[in-house]
Amino acid sequence: DQQVKQNSPSLSVQEGRISILNCDYTNSMFDYFLWYKKYPAEGPTFLISISSIKDKNEDGRFTVFLNKSAKHLSLHIVPSQPGDSAVYFCAASGYNQGGKLIFGQGTELSVKP
Amino acid sequence: KAGVTQTPRYLIKTRGQQVTLSCSPISGHRSVSWYQQTPGQGLQFLFEYFSETQRNKGNFPGRFSGRQFSNSRSEMNVSTLELGDSALYLCASSSRGPSTDTQYFGPGTRLTVL
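The listed protein sequences derive, respectively, from chains A and B.
All residue numbers for the first sequence refer to our numbering, where the first residue is 1 and numbers rise by one.
All residue numbers for the second sequence refer to our numbering, where the first residue is 114 and numbers rise by one.
Treat the hints as calculated values from the structure; they're not laboratory data.
All clues given are correct.
Lysine to any residue pairs mimicking SDA-like chemistry, simulated, CA-CA at most 20 Å apart: (1) LYS170(B) with MET29(A); (2) LYS170(B) with GLY94(A); (3) LYS5(A) with GLN157(B); (4) LYS170(B) with ASN27(A); (5) LYS37(A) with GLN154(B); (6) LYS5(A) with GLN150(B); (7) LYS5(A) with GLY153(B); (8) LYS170(B) with GLN3(A); (9) LYS37(A) with THR215(B); (10) LYS37(A) with GLY153(B); (11) LYS56(A) with ASP214(B); (12) LYS170(B) with ARG209(B); (13) LYS37(A) with GLY155(B); (14) LYS5(A) with GLY155(B); (15) LYS54(A) with THR215(B); (16) LYS37(A) with LEU201(B); (17) LYS37(A) with ARG223(B); (18) LYS37(A) with GLN150(B).
Can you build the whole structure from these sequences, using the hints too?
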């Protein structure tokens with residue numbers, strides 16, 4: 001039973017355009033959500049997070065939107081740059097999750113010059 | 114501040130052997146979590162330690178164990194290695210725990226079991 005799902009395994013975007021990565025979750029007890037970026041053979045790098053009391057959080061080119069009623073979050077990258085090419089994981093946690101992050105399967109973003 | 118460090122970065126073992134991986138968290142962080150990443154299963158939670166106590170454990174067999182020292186450094190041990198244990202093992206630290214604080218990951222240890 002996958003509680004966090006990233007239904008798009010890959011996404012290709014032109015440099016300068018917007019990249020939108022999506023994530024759905026099933027557990028209504030999740031209250032903290034994060035996005036990580038990962039290059040091969042490296043650990044995930046934290047990008048941005050959002051608490052369930054908010055519906056939007058912005059940090060530079062990265063914005064995360066949370067729609068609690070739809071149990072859906074998205075990461076917007078504007079403008080996309082070739083250096084953004086990596087695998088993006090969304091993760092969720094909650095007070096009843098016993099101190100663990102539940103990760104989605106990841107979306108591989110390719111930003112073409 | 115230095116980031117999370119993991120040693121060794123790469124390891125090759127044979128079936129039946131055991132292995133110990135080490136993780137040093139960010140200074141001041143008391144929570145250390147371990148994850149296994151494989152192509153088929155993605156990132157899966159192994160366990161979390163806080164102040165030398167295991168607070169939470171994922172769904173892995175008892176061959177996987179860990180501990181945390183008083184300086185918050187952590188080790189994980191895998192005994193009787195199987196081919197399926199080949200994976201990238203990631204350690205992450207946070208100040209109070211993943212439920213409340215952002216976890217920061219180390220570069221991982223790539224374990225290959227032959």
